[in-house]
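Mind docking chains H and R on chain S? Use the hints.
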Amino acid sequence: MNNFGYSISPSSRIDLDKRDNDKFTRIVLLEPGFRKCMACGLCSSTCSGANFTDVSLRRAIEMIQDGQEKSAIVLLKGCMLCGKCNIICPRGINTRNLIRNILKVYMEELQ
Amino acid sequence: MIINGKKKIWSDYQKEIPDDHYFYVRSCIRQNFFPASEKLFLEIVRDRLNLDFYETEHHTTCGGIAYHSDTIPQETVMTIVARQFALMSEAGYKNYVASCITSFGLYTEILDTWYHYPELEAKIKENLWKTTRREFNKPEYLAHASDVVYKLRDKIASQAKYKLVNKDTGKPLKVVEHIGCHYSKMFPSKGVGGAEYPYVLTGMIESWGGEIVDYPERRHCCGFGFRQYMIRANRGYSLSNTYKKFESMEPFHPDMIITNCPGCPYFLDRWQYVIKEMEGKTYGKEGQGIPVFTYEEVAGLVLGYDPWYLGLQMHQIDVEPLLDKIGIKYSKTDKYLL
Amino acid sequence: MNKEVLIIGGGPAGLECASTLLMFGYKVFIVEKGSELGGHLRKWDRLFPESISASETLERLLIPSKKAIVFDETEVSSVKLKDGFFDIILSDNTELHVHSVVVATGFKLFPAEKKEEYGYGVYNRVITNADLEASFKNNSRDILQSKRVGFVHCVGSRDEKISNRHCSKVCCVTAVKQACEFKEANPDAEIYCFYMDLRMFGRGYEDLYLKAQNKYGIRFIRGRVSEVAENVDGELVIKAEDTLISRPLKVTLDLLVLMSGMSKNPDNDQLADMLGLDIAEDGFFVQHDPTINSIKSKIKGIFFAGTVTGPKTIPETLNEARSAALAVHKYLSE
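Residue numbers (the working numbering), protein chains in the order written: chain S, 1 to 111; chain H, 1 to 338; chain R, 1 to 334.
No lab work stands behind these hints, which were simulated from the structure alone. Beta carbons are placed, not taken as given, at the ideal position from N, Cα and C, and that holds for glycine. Hints are supplied without guarantee of correctness; some may be wrong.
[As the list claims (entries may be wrong)] Just some of the chain H residues that point at chain S, by a computed CB distance under 10 Å: (1) Lys-185; (2) Pro-188; (3) Asn-234; (4) Arg-235; (5) Gly-236; (6) Tyr-237; (7) Ser-238; (8) Leu-239; (9) Lys-244; (10) Val-274; (11) Ile-275; (12) Glu-277; (13) Met-278; (14) Thr-282; (15) Tyr-283; (16) Asp-306.
[As the list claims (entries may be wrong)] Pulled a few chain S residues facing chain H out of the computed Cβ check, cut under 8 Å: (17) Phe-4; (18) Tyr-6; (19) Ser-7; (20) Ile-8; (21) Ser-9; (22) Ser-12; (23) Gly-78.
Here chain S stands alone, though its shape is the one from the complex (with noise of 0.2 Å):
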C-alpha cells in the first residue's frame, strides 16, 4: 500500500445498538440499584482515590450504560471498597456490591 502520510480516524463514536446486553443485564440482576443512578456525582466528588487516581464511579456506569466496559475498568480499578460513596449516594445505591460486581463480570472474559 503506498504510504499516504495519514490514515483514516477512527470514529469515537458512542454506537449505543452495539452494546453488549447480556453482561449489562447480569449486572443489574446482581445490583438492581444500578438503574437508579442519575449521574449526580456524589460518590466520585467524594471518592478517596480519585484525587490520586482516575477513579470516578460516576463515570464508569455512564460508561457501562453506552457499552463501554473496557474504559469503565479502567476508572475502576484503582477503587479500594472504602465505602465513602456508599454512604453518600443519595439514591441508596450499594456502591459497593455494584463495583466489585461490575470488575467481576466484565472482568470475567479476562481471566
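Okay, now just chains H and R, sitting in the frame of chain S:
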C-alpha cells in the same frame, strides 16, 4: 417517508432567482478537476437557451480559499469581493452568479455583514477606491450557478436526449445528492430548500428522471474544508468524513452522486481510490466505485453531449458503467484522445 | 348580583373561572374559538403525576360550569372600554355589555415540523407528545408495539433558533410519564429519554423519575438529539451526544417522540391590541404584578387565568382560575 412534509419545507425556502442577464464569475480550481463544467454551463445558457451571461477576463479569485485557510484578514477578502462587484457594475449588470459554492457562501456572508455593519461597507468602499480607483454597487440578486440550472431544469429536460433511468429495468437511477456546505448551512434562507432538505439538486434530478436517495449522513460534510486537507498530516480527518458518508450511503446502493461544489466531487471521487488502498473496500456494484458528477456534467449528459467532450475521462472513478446503464452512446477508443 | 363577566377561552382555566363566578352569582359568558370546550385537556389521555384520566377531569370541570352562556366557534372582534363597562362585539355580531373580562386563551403546542432536523412530517416514525397521547387514548397498536423508543425533551423550548427561549415547564414530567405508560403498554420496549435538564419540580415528580429508572429501566441520556434520518430499513437513526462522558452517540430506534413545548397563542397579539394589554418578548401576556398577584393585568377589570401568562400545570391553572374569579368578585364589589 412522508413526502408532503418535505414539500412543505421546500415551499418555505423559496428563493428569487432571475432568469437572465447575469455576471458570471468562475472558480479558481474547478477547471482543473472538472474541465468542461464551466464551459458547458456557458454553452447551455448562451447557445442552447439564448440567455445573456457575461464574463470578463479581469475578474479574480474571490479570496475564499485564503480567507477560510486563515491566511488573509476579513477586510482584505471584502476588498477583493468589492472589486468583483465593481467589475459587475461597470459591465452594467445587477445579477451575480458564482460558479463555486465557497464563493457563493463568502458573497452571502459579506453582503449580510455589510447589511448589519454599514460602517464596514463604507470602509471597504474607501479601501477599493484607494487601491484601484473603482467604485462598486452591491448586486441585486446573488445566485449560485446550480440555482440557475435549477431554475432552467425544465427547459433542459425538454431538450434532453436521455433520462436518468436504467435502460434495462426502466427504473429511475438512484442518485445521491451532495450539497456543498457553504451553500445553505450558513444562511438557510439563501439556499433553495433550506439547510436540512436542500432542493436545488433534488429538483434537477427529479425533472431529469432520477430518484433521490435519502441516507442518514446526507447533511454531513465531505471533509474538504481548507485547513484540514492542505496540510498532509491533517488529511486523514478529511478522508474520515468522506469514509463516513460512503459507509452510510452504501446500503442504499446508489448509482451515482451529484454535487454542486468544486471541492466535494473532487474528494468524493478521488478518496474512493484511497479508501480502496487503505481499507480494501470499494463501493458500488461489482466494486467499480460510485461515479461522481457535477450538475453541469449531468446536464450535459442528459442533453446528449459526448462524455469525453464533457471531460469525464478526468474522473478517477470510471463513468462507462453508468453511461451504459443510461444508454448513452460513446466511443471507447476516443476516451483519451484530445 | 346581576353583573356580567366575559371569559375569553373555554379551556380548563376558563371553565374553572366560570364555575367559581357562577357560584358567586354572576352571569358568565364564555367565548371559545374552537367547536368544543376543554382546550388541550380534551386531547390528553392521563395526567401526571397520579395518572388520573383526563376525560374524567374534564367532566368534573364541565359540570359546574354548565350554566355559563357559551359562544363556540366564535372570537372577540372588538372591545371598547367606556365608563367602567366593556362593550364587546363578537365575530358572530353578538354585542355584549360586561363589567369584567378574564383572558384565558391558553397556549399553542409548538409545531414540531419547524424543527426540521427532527423530520416531523417527513418521517413516519417521528411523532409528538400530543400524537402519543392520542395513541394511548385510541390504543394504537401500530405505535405502541415499537420496540425501541426515544423521547426528545425541549422541542420548541429553550431554543433561540425558533425564538422560544422559555422553558415549557411540564414537558419533562410529561415525557417521564409517557415513557412509563409506554413501558406498561409494551414491557419489552427499550426506552431512551434525551434531556438537557430534568425538571421534576412538583410533588411526586421525583418519585415518578425514580420509578421510571428503577422499575421500568428507562435510560436517561443527558444530551440533545441533533439529527434524525431513516436508514435503508426505514428505522430511525438518531445522532445525539452523551454529555456526561463527552462523546457523540448513535442509536437506531423504531419510534421517536418529540416533546413539543408550550408556545404563545398566535391570537395574543391581536387580542392584546384590542384589550390594550402588552405582550412580553416570549409572546405571553405581561403580568402587572407577577409575584404577588399573578392574575392582575394593567387594566382595571381585566384579569388573566391559566397558561395565557406562561406555561403552567393543570392544578396551577385551576388555582389561578379561582383566584381570578375572586379578583373579579372583589373588583365588582367595590
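Can we keep the H:Val-274 interface hint, with Cβ of chain S closer than 10 Å?
Holds, because the Cβ-Cβ distance from H:Val-274 to chain S comes to roughly 6 Å (cut-off 10 Å).
Have a go at the H:Asp-306 hint: is there a Cβ in chain S nearer than 10 Å to its own Cβ?
This hint is violated: H:Asp-306 lies away from chain S, its Cβ roughly 33 Å from the closest one there, beyond 10 Å.
Verify the interface restraint on S:Phe-4: the C-beta must sit less than 8 Å from at least one C-beta of chain H.
holds (6 Å)
Quick one, is the S:Gly-78 hint okay against chain H at 8 Å, beta carbons?
Check failed: Cβ of S:Gly-78 comes no nearer than 33 Å to chain H, outside 8 Å.
Evaluation of the interface hint that places S:Ser-9 against chain H, nearest CB under 8 Å
holds (4 Å)
At a threshold of 10 Å, is the proposed contact between H:Gly-236 and chain S supported by beta-carbon distances?
Cβ of H:Gly-236 sits 4 Å from chain S, so the hint holds.
Have a go at the H:Pro-188 hint: is there a Cβ in chain S nearer than 10 Å to its own Cβ?
violated (25 Å)
For the hint on S:Ile-8, just tell me whether its beta-carbon gets within less than 8 Å of chain H.
Because about 5 Å separates S:Ile-8 from the closest Cβ in chain H, which is inside the 8 Å limit, the hint holds.
Interface hint check: H:Lys-244, Cβ to nearest Cβ on chain S, cutoff 10 Å. Holds or violated?
At 7 Å from the nearest chain S Cβ, H:Lys-244 passes the 10 Å test, so the hint holds.
Residue hint H:Tyr-237, partner chain S, criterion CB-CB below 10 Å:
holds (6 Å)
Holds or violated: is there a CB of chain S closer than 10 Å to the CB of H:Lys-185?
violated (21 Å)
Hint H:Asn-234 vs chain S: min CB-CB distance below 10 Å?
Hint holds; H:Asn-234 Cβ to chain S Cβ min 7 Å, cut 10 Å.
In summary, the structure is inconsistent with hints 1, 2, 14, 15, 16, 22 and 23 from the numbered list given earlier, while agreeing with the others.
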